[in-house]
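Same order as they appear, the protein sequences are chains A and B.
First residue of the first sequence: 1, per our numbering; consecutive thereafter.
First residue of the second sequence: 1, per our numbering; consecutive thereafter.
Because the hints were derived from the structure by calculation, they are not lab data.
Mixed in with the good hints, there may be bad ones.
Residues from chain A shown here face chain B by an in silico Cβ test under 10 Å; the list is partial [claimed, not checked]:
id	residue
1	His-7
2	Cys-13
3	Thr-32
4	Tyr-36
5	Leu-46
6	Thr-49
7	Tyr-58
8	Glu-59
9	Val-62
10	Ser-90
11	Ile-93
12	Arg-97
13	Lys-105
14	Phe-108
15	Gly-109
16	Gln-113
Being a predicted model, the structure only gives us computed values, none of them experimental.
Note that CB positions come from ideal geometry on N, CA and C, so glycine has one too.
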Amino acid sequence: GAVVSQHPSWVICKSGTSVKIECRSLDFQATTMFWYRQFPKQSLMLMATSNEGSKATYEQGVEKDKFLINHASLTLSTLTVTSAHPEDSSFYICSARGAEPSNEKLFFGSGTQLSVL
Amino acid sequence: GENVEQHPSTLSVQEGDSAVIKCTYSDSASNYFPWYKQELGKGPQLIIDIRSNVGEKKDQRIAVTLNKTAKHFSLHITETQPEDSAVYFCAAKPFGNEKLTFGTGTRLTIIP
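Next up, chain A with everything else stripped away, as it sits in the complex:
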């Protein structure tokens, strides 16, 4: 299957600082990438959908000014958690879908565990 690389795998930061998470599709071009948040023992919660070259579409209840998403190329999307607070601590996962319209398979990165002190 296609490979999606996500970095860092874990990060600890102080309250009030910003953290950037990168998501790269290594062997395919991804016109659409998705960002999820997952709490312990729960399912994946979609935060936003990002399309290359356009603004991200955020799910209801997700603050776009807090979770900045940039999808500047067909292989890279970034999620920046701005002014992080302890309640932002969570497991963040990106996923990517190929450029072909018929390609429905969604491949996930390895996730980033964010801990805000």
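Since the structure of chain A is provided, determine the placement of chain B on it from the hints.
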């Protein structure tokens, strides 16, 4: 919107036995149904998927069945092994919608 229910939430199976996880969906327009395996601290891994024009798909020890009339689909794992222990998520995607809706997950434990 689409709603996916998944059962059971936990499942313990003796090594070598079969495991079955079931999901139901609400949107009859859904036509793509993937299954993901998630190990602790890692992202979900696509293990098998099925489209609505197919009733069953098999890949070695893993199979998925789809009943469009009843709007449910199931994951079958045969000859289970300890490395099959993980959380499994089903998902559904309506035609024309780019978002997947995930089930609540099943924690599968294989007992040696």
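Taking the hints in turn, this is what the structure says about them:
no. : hint    : result
1   : His-7   : violated (12 Å)
2   : Cys-13  : violated (19 Å)
3   : Thr-32  : holds (6 Å)
4   : Tyr-36  : holds (9 Å)
5   : Leu-46  : holds (6 Å)
6   : Thr-49  : holds (7 Å)
7   : Tyr-58  : violated (12 Å)
8   : Glu-59  : holds (9 Å)
9   : Val-62  : violated (13 Å)
10  : Ser-90  : violated (13 Å)
11  : Ile-93  : holds (5 Å)
12  : Arg-97  : holds (7 Å)
13  : Lys-105 : holds (6 Å)
14  : Phe-108 : holds (4 Å)
15  : Gly-109 : holds (5 Å)
16  : Gln-113 : holds (7 Å)
Hint violations for this structure: numbers 1, 2, 7, 9, 10, all remaining hints satisfied.
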